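A.B. asks: So you can see what is in the structure, the chains are spelled out below.
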Amino acid sequence: MEVNENIALEHGLNKPEYKKICELLKRTPNITELGIFSAMWNEHCSYKSSRLHLKNLPTKGKKVIQGPGENAGVIDIGDDDAIVFKIESHNHPSFIEPYQGAATGVGGIMRDVFTMGARPIANLNSIHFGSPQHKKTKNLLRGVVQGIGGYGNCIGVPTIGGQTSFDESYNGNILVNAMTLGLVKKNKIFYSKAAGVNKPVIYVGSKTGRDGIHGASMASAVFDEKIEEKKPTVQVGDPFTEKLLLEACLELMEGDSIISIQDMGAAGLTSSSIEMASKGKLGIELNLNKVPCRESNMTPYEIMLSESQERMLIVLENGKEKDAKKIFDKWNLDFSIIGKTTNSKKIELFYDDKKVAEIPVDTLVENSPMYDRKWKKTKLPKKNKFSKENFKNLKIGNVLTKLLSNPNICNKEWIWEQYDHTVMGDTIQKPGSDSGIVRVHGTDKAVAATVDSSAVYCFAHPLTGGKQVVCESWRNLISVGAEPIAITNCLNFGNPEKDTNMGEFVECVQGIGEASKYLNFPVVSGNVSFYNETKDKGIKPTPAIGGVGLIKNFKNMITMDFKKVDNIVLVIGKTEGSLDQSVFAREILNIKNGPPPEINLFNEKNNGETVLNLIKKKLIMSAHDISLGGIMVAIAKMCIKAKKGIKLKKTNQLINQFQYLFSEDQGRYIVEIEKDKFQEVKEMLNKSSVHYDELGHILDKDIIIDDKTKLSIDDLVKSNYTWLKGYMDK
Amino acid sequence: MKISAIVTLKKDVLDPQGKVVQQALKGMGFDNVKEIRQGKYFEIDVDENDKKKAEKKAEEMCKKLLANLVIEDFKIIGSQ
Amino acid sequence: MNSSVIIFPGSNCDRDMAVALKKFGFKNKMVWHNDTELPKSDLVVLPGGFSYGDYLRCGSMASKSKIIDSVIKFAKSGGLLLGICNGFQILTETELLPGVLLKNKYSKFICKNVFVKINNSENKYFKNIKKNILELHIAHNEGNFFCSNDQMKEINDNNQIAVHYCSQNGEIEDSFNPNGAIKNIAGLFNKEKNILGMMPHPERMIDNYLSGEDGSIFFQNLINNLK
Numbered sequence: 001m002e003v004n005e006n007i008a009l010e011h012g013l014n015k016p017e018y019k020k021i022c023e024l025l026k027r028t029p030n031i032t033e034l035g036i037f038s039a040m041w042n043e044h045c046s047y048k049s050s051r052l053h054l055k056n057l058p059t060k061g062k063k064v065i066q067g068p069g070e071n072a073g074v075i076d077i078g079d080d081d082a083i084v085f086k087i088e089s090h091n092h093p094s095f096i097e098p099y100q101g102a103a104t105g106v107g108g109i110m111r112d113v114f115t116m117g118a119r120p121i122a123n124l125n126s127i128h129f130g131s132p133q134h135k136k137t138k139n140l141l142r143g144v145v146q147g148i149g150g151y152g153n154c155i156g157v158p159t160i161g162g163q164t165s166f167d168e169s170y171n172g173n174i175l176v177n178a179m180t181l182g183l184v185k186k187n188k189i190f191y192s193k194a195a196g197v198n199k200p201v202i203y204v205g206s207k208t209g210r211d212g213i214h215g216a217s218m219a220s221a222v223f224d225e226k227i228e229e230k231k232p233t234v235q236v237g238d239p240f241t242e243k244l245l246l247e248a249c250l251e252l253m254e255g256d257s258i259i260s261i262q263d264m265g266a267a268g269l270t271s272s273s274i275e276m277a278s279k280g281k282l283g284i285e286l287n288l289n290k291v292p293c294r295e296s297n298m299t300p301y302e303i304m305l306s307e308s309q310e311r312m313l314i315v316l317e318n319g320k321e322k323d324a325k326k327i328f329d330k331w332n333l334d335f336s337i338i339g340k341t342t343n344s345k346k347i348e349l350f351y352d353d354k355k356v357a358e359i360p361v362d363t364l365v366e367n368s369p370m371y372d373r374k375w376k377k378t379k380l381p382k383k384n385k386f387s388k389e390n391f392k393n394l395k396i397g398n399v400l401t402k403l404l405s406n407p408n409i410c411n412k413e414w415i416w417e418q419y420d421h422t423v424m425g426d427t428i429q430k431p432g433s434d435s436g437i438v439r440v441h442g443t444d445k446a447v448a449a450t451v452d453s454s455a456v457y458c459f460a461h462p463l464t465g466g467k468q469v470v471c472e473s474w475r476n477l478i479s480v481g482a483e484p485i486a487i488t489n490c491l492n493f494g495n496p497e498k499d500t501n502m503g504e505f506v507e508c509v510q511g512i513g514e515a516s517k518y519l520n521f522p523v524v525s526g527n528v529s530f531y532n533e534t535k536d537k538g539i540k541p542t543p544a545i546g547g548v549g550l551i552k553n554f555k556n557m558i559t560m561d562f563k564k565v566d567n568i569v570l571v572i573g574k575t576e577g578s579l580d581q582s583v584f585a586r587e588i589l590n591i592k593n594g595p596p597p598e599i600n601l602f603n604e605k606n607n608g609e610t611v612l613n614l615i616k617k618k619l620i621m622s623a624h625d626i627s628l629g630g631i632m633v634a635i636a637k638m639c640i641k642a643k644k645g646i647k648l649k650k651t652n653q654l655i656n657q658f659q660y661l662f663s664e665d666q667g668r669y670i671v672e673i674e675k676d677k678f679q680e681v682k683e684m685l686n687k688s689s690v691h692y693d694e695l696g697h698i699l700d701k702d703i704i705i706d707d708k709t710k711l712s713i714d715d716l717v718k719s720n721y722t723w724l725k726g727y728m729d730k
Numbered sequence: 001m002k003i004s005a006i007v008t009l010k011k012d013v014l015d016p017q018g019k020v021v022q023q024a025l026k027g028m029g030f031d032n033v034k035e036i037r038q039g040k041y042f043e044i045d046v047d048e049n050d051k052k053k054a055e056k057k058a059e060e061m062c063k064k065l066l067a068n069l070v071i072e073d074f075k076i077i078g079s080q
Numbered sequence: 001m002n003s004s005v006i007i008f009p010g011s012n013c014d015r016d017m018a019v020a021l022k023k024f025g026f027k028n029k030m031v032w033h034n035d036t037e038l039p040k041s042d043l044v045v046l047p048g049g050f051s052y053g054d055y056l057r058c059g060s061m062a063s064k065s066k067i068i069d070s071v072i073k074f075a076k077s078g079g080l081l082l083g084i085c086n087g088f089q090i091l092t093e094t095e096l097l098p099g100v101l102l103k104n105k106y107s108k109f110i111c112k113n114v115f116v117k118i119n120n121s122e123n124k125y126f127k128n129i130k131k132n133i134l135e136l137h138i139a140h141n142e143g144n145f146f147c148s149n150d151q152m153k154e155i156n157d158n159n160q161i162a163v164h165y166c167s168q169n170g171e172i173e174d175s176f177n178p179n180g181a182i183k184n185i186a187g188l189f190n191k192e193k194n195i196l197g198m199m200p201h202p203e204r205m206i207d208n209y210l211s212g213e214d215g216s217i218f219f220q221n222l223i224n225n226l227k
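Chains as they are written, first to last, in the working numbering: chain A, 1 to 730; chain B, 1 to 80; chain C, 1 to 227.
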């Protein structure tokens, strides 16, 4: 079949890109070569719209062993231990087939982590759905949750945390972001860079089928009249095979036979082989007849572009093939020597003894397109003025009840009870906490992880929103007593070819960069998902941040449930009363414009470090960061978890009570301290110039806000726990 | 009228269960098993005497619920 | 005391179980499903997980693996055989225990703490145990125990029910049944009481930083009874 411009367009390439391919090759590519170019040059693999801006993110730090560019980032947690972690999106597949889309998303991110030699020890996820009233939402949520559970539970990796939100901007594009953390010894990290000529290239794992082959290209009926049968098929996850692959790879990694290893994710064999060659400045030669195939008559094009799951590519040391094969035989997995490394700096493919493709590697990688897309700056919206009039008919108790049952605040037990969160026997803080925590097996150390996003803030003002998400992640780690180390980001945005969407991206990334630089909280891995739009309507900008921190002795971790009656409760950080974009303003007052709360990075850092110091000195009994719903929702959650109450002091605030209790000012925490430690705590806070308010003290069960307002803890539990269960099981 | 329908994974969609069952059978000595694909079987009792109409109803049910047409095919295999 | 934990492809609580056994004084060996000989053991454990991906029926293919003949022989000669979660499912598939574990009533995987009440403590597992109601952890999709009326009669006649799901205070009622199991059955013995299959995971409850500590009581008591 002759390749021409039209076929290139059907592959998602544009005219100048096709022209550039012909120039680089100095000829017209054949169909297999075109397929390879289209896969390597698409947004997902080439980051062509985002690369320019991602370059500015801070990626280095004393504890960073590996930043972006590998399968996952790696950080040092002392004693020769390292944590490998990354977050990745699987948005589009999850909308088409929620169970399989979410499941393969989890499978893919775990492979990214164990490819580097790390055993996965924790999973997290960030999932976003359309309005609860939208007809598709319930089934999508059910499918995604079962898919995440179905895969993670089977592998035996605990799901220790996550985030779920509902917003009508996701009606046509749900988001499924999965994050995995793995544990590895510093001297046993494996990379994708190939080295040495004439080394065997090995294919292991599942067989190759026609899964997920590029839709646009297959839809043109040119290949075969039986196009119906060959339609691109949804990838089906096989967690059982992944479990075997995980054990087999880790067993092989105990020895010293692997030079380089790469999982076959998006664009399968194409991107994995090219990545290895490119990083090693080598060539690679593959005999496609040796690739284990599930279907007969698969063409070189299909073999190269298949996205079948649970497959790995390995470059081995010479002479180690037999030993390696033994391991994969033991685990009942396919093992095939499919090629070798060369010094040609080309990728050369053979099929039926004929050369079917020959492309210089650098044309695919270094010469891939990079765009400086047009983007529009978002102006900071004007603040709304709130007066007594706004709050005239409101009762605090009613407002709190309503907020606690709000879909974005309510308890998500219905979701995380379907995830195995205790397997591996080291989960010491489970979902529903500020951060999930797992112990580093057999040591005193523990690793805390959280995943956050704030699309509402990012939509109102991307620059502030970008900063805010990083700060929130940092606060969630501090609240459990963990020292924040680094982040991974999953950048979910609309169409980069539209200047507004591109502007959202650029400014969110700028915000993320500023905050992570200031907080010394570098970005070590990540993923970009563009084109989350349906019928011209894009999602709200949703960068999801996965943060990881370390607790040196797990016995010192902090939980959010109030501990003891009569203990004093403080608010750390200043409450200014910013209501714009708060859940209170949006849901209760129905005011949806205005800027998000300001981020003051100096205060953020100072407050956070001071709280962490107090925790280190064992002065804090419980802690929780203040986020959606402000002080009132934060203390309600601490009461609910403990089944305890609180009596608030009369406030001598200058701002209105509603503003004080429900504003979402940043950089704040609620902490519980013992009475006899108050003096010491005060001195430390004053010394660090950290603002605090004495909020009240802990009671046995009631929440007493003022003379008129007394709420029972049982009622609050009910409003917090029933919405999601009722919605899903109805 | 009772309609029987089967739902199976589409030809090119990976069937993890079938694959593992086949491997297990091999391990038990059934060497000549070439492939196994697993599916679901439904018996649908419809209050309808016209065979054509009943089958049409069942077909609709398969399309709308019993089969996930993204990854599965269905077949009405009998009615009585 | 010597214990053996069998590893099937897809087992994922094998390490957790080994950690727990060692913590309470067992000398443990891991045994691969393709082996044919069991090491000398006072206790053999079929751990939790998704052997063979839970494909076809949970436990069905593991019950046909090479090691199983030795395991059956060991149990038939009176050896202590404990199956947790997927291990329980394997025990029913090998017919060492009666009944079957169906999909949970609400068709959902459930991971949470539950309370179970010990029904029969005249055996090596529960004799002298210091608490009658234990808080343990479940994590399964197919724990809904079901059996025929004849089997149920036999189970009752031989006092084979090991533990029931119950409330914190020991009430055995429907509302404390997480998965729809008949008679709130969470664990079952064979007639001779040397084989125990249980859905809850005691190995996940062995220190107070985890979900709780009642698993420690179970293992400590078990090894005391074996000494």
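Take these hints with a grain of salt, some might be off.
Stated by the list, open to error - Below 30 Å or equal to it, Euclidean Cα-Cα: the simulated DSSO-like pairs (lysine-lysine) are:
| hint | chain 1 | residue 1 | chain 2 | residue 2 |
| --- | --- | --- | --- | --- |
| 1 | A | Lys138 | B | Lys26 |
| 2 | C | Lys103 | A | Lys138 |
| 3 | C | Lys108 | A | Lys412 |
| 4 | A | Lys188 | A | Lys345 |
| 5 | B | Lys57 | C | Lys105 |
| 6 | C | Lys103 | B | Lys64 |
| 7 | B | Lys34 | A | Lys136 |
| 8 | A | Lys188 | C | Lys22 |
| 9 | A | Lys330 | C | Lys66 |
| 10 | C | Lys130 | A | Lys643 |
| 11 | C | Lys73 | A | Lys138 |
| 12 | A | Lys138 | C | Lys112 |
| 13 | C | Lys22 | A | Lys185 |
| 14 | A | Lys643 | C | Lys108 |
| 15 | C | Lys66 | C | Lys124 |
| 16 | B | Lys26 | C | Lys73 |
| 17 | A | Lys60 | A | Lys48 |
| 18 | A | Lys290 | B | Lys63 |
| 19 | C | Lys105 | A | Lys555 |
| 20 | B | Lys75 | C | Lys108 |
| 21 | C | Lys117 | A | Lys725 |
| 22 | A | Lys136 | B | Lys64 |
| 23 | C | Lys108 | A | Lys718 |
| 24 | A | Lys725 | C | Lys103 |
| 25 | A | Lys185 | C | Lys29 |
| 26 | B | Lys63 | C | Lys108 |
| 27 | A | Lys725 | C | Lys153 |
| 28 | A | Lys537 | B | Lys34 |
| 29 | C | Lys73 | B | Lys57 |
| 30 | A | Lys445 | C | Lys27 |
| 31 | B | Lys34 | A | Lys207 |
| 32 | A | Lys649 | A | Lys617 |
| 33 | A | Lys535 | B | Lys64 |
| 34 | A | Lys136 | B | Lys75 |
| 35 | C | Lys193 | A | Lys730 |
To be verified - Covered, in the sense of this in silico footprint (three residues per stretch, anywhere, with C-beta under 8 Å from a C-beta of chain B), are these stretches of chain A:
| hint | segment |
| --- | --- |
| 36 | 27–36 |
| 37 | 199–213 |
Hints are computed from structural coordinates only; laboratory data are not their basis.
This one's a predicted model, so the numbers in the text were calculated from it and none came from an experiment.
Using N, Cα and C, we set each Cβ at its ideal position, and we do this for glycine too.
A.B. asks: It remains to establish, for every hint, whether it holds in the given structure.
C.D. replies: Hint check:
1. Under the criterion of a C-alpha separation no larger than 30 Å, the hint pairing Lys138/A with Lys26/B is inconsistent with the structure, at around 41 Å.
2. With a C-alpha separation of about 22 Å, the suggested pair Lys103/C and Lys138/A falls inside the 30 Å cut-off, and the hint holds.
3. Straight-line distance between C-alpha atoms of Lys108/C and Lys412/A comes to about 15 Å, which keeps the hinted pair within the 30 Å bound.
4. With a C-alpha separation of about 28 Å, the suggested pairing of Lys188/A with Lys345/A holds against the 30 Å cut-off.
5. At roughly 29 Å between alpha-carbon atoms, Lys57/B and Lys105/C fall within 30 Å of each other, so this suggested pair holds.
6. For a cut-off of 30 Å, the pair hint linking Lys103/C to Lys64/B stands: about 24 Å separates their Cα positions.
7. Proposed proximity of Lys34/B and Lys136/A is contradicted: the alpha carbons are some 40 Å apart, above 30 Å.
8. Between Lys188/A and Lys22/C the alpha-carbon distance is near 27 Å, which keeps this suggested pair within the 30 Å criterion.
9. Between Lys330/A and Lys66/C, the direct Cα distance comes to roughly 14 Å. Compliance with the 30 Å bound is thereby established for this hinted pair.
10. For a cut-off of 30 Å, the pair hint linking Lys130/C to Lys643/A stands: about 28 Å separates their Cα positions.
11. As the CA atoms of Lys73/C and Lys138/A are separated by approximately 50 Å, the hinted pair breaks the 30 Å bound.
12. Simply put, Lys138/A and Lys112/C have alpha-carbon atoms about 23 Å apart, close enough for the 30 Å limit, and the pair holds.
13. Between the alpha carbons of Lys22/C and Lys185/A the distance comes to roughly 24 Å, so the proposed pair stays at or under 30 Å and holds.
14. A threshold of 30 Å between alpha carbons decides the hint, and for Lys643/A with Lys108/C the separation of about 27 Å falls inside it, so the pair holds.
15. The suggested pairing of Lys66/C with Lys124/C holds, with an alpha-carbon distance near 27 Å, which does not exceed 30 Å.
16. Of the pairs offered as hints, the one joining Lys26/B and Lys73/C holds, with about 24 Å between alpha carbons and a cut-off of 30 Å not exceeded.
17. About 23 Å separates the Cα atoms of Lys60/A and Lys48/A, which keeps this hinted pair within 30 Å; it holds.
18. Simply put, Lys290/A and Lys63/B have alpha-carbon atoms about 39 Å apart, too far for the 30 Å limit, and the pair is violated.
19. Simply put, Lys105/C and Lys555/A have alpha-carbon atoms about 38 Å apart, too far for the 30 Å limit, and the pair is violated.
20. As the CA atoms of Lys75/B and Lys108/C are separated by approximately 28 Å, the hinted pair is consistent with the 30 Å bound.
21. Distance hint between Lys117/C and Lys725/A is fulfilled; the C-alpha atoms sit about 28 Å from each other, no more than 30 Å.
22. With a CA separation close to 14 Å, the supplied pair Lys136/A and Lys64/B stays within the 30 Å bound.
23. Proximity of Lys108/C to Lys718/A is assessed by CA-CA distance (about 22 Å); at most 30 Å being required, the pair is judged to hold.
24. Restraint check: the Cα-Cα separation between Lys725/A and Lys103/C comes to about 20 Å, which is no more than 30 Å; the hinted pair holds.
25. Proposed proximity of Lys185/A and Lys29/C is supported: the alpha carbons are some 25 Å apart, at most 30 Å.
26. Of the supplied pair hints, the one linking Lys63/B and Lys108/C holds, its CA atoms being roughly 24 Å apart against a limit of 30 Å.
27. Restraint check for Lys725/A and Lys153/C: the C-alpha separation of about 37 Å exceeds 30 Å, so the hint is violated.
28. Between Lys537/A and Lys34/B the alpha-carbon distance is near 48 Å, which puts this suggested pair outside the 30 Å criterion.
29. For the proposed pair Lys73/C and Lys57/B, the alpha carbon gap of about 53 Å is over 30 Å, so the pair is violated.
30. Distance hint between Lys445/A and Lys27/C is fulfilled; the C-alpha atoms sit about 26 Å from each other, no more than 30 Å.
31. Annotation: proposed proximity of Lys34/B to Lys207/A holds, straight-line Cα distance about 15 Å (limit 30 Å).
32. In summary, the hint linking Lys649/A to Lys617/A is supported, as the alpha carbons are separated by about 26 Å, within the 30 Å threshold.
33. At most 30 Å may separate the alpha-carbon atoms for a hinted pair to count; Lys535/A and Lys64/B meet this at roughly 24 Å.
34. Between Lys136/A and Lys75/B the CA atoms are separated by roughly 26 Å; this keeps the pair inside 30 Å, and the hint holds.
35. Simply put, Lys193/C and Lys730/A have alpha-carbon atoms about 42 Å apart, too far for the 30 Å limit, and the pair is violated.
36. With a cut-off of 8 Å between beta carbons, the segment 27–36 of chain A has 0 residues touching chain B; three or more are needed, and the interface restraint is violated.
37. Three residues within the 8 Å Cβ limit are the bar, and the segment 199–213 of chain A against chain B gives 4, so the coverage statement holds.
Hint compliance for this structure: hints 1, 7, 11, 18, 19, 27, 28, 29, 35, 36 are broken, all remaining hints hold.
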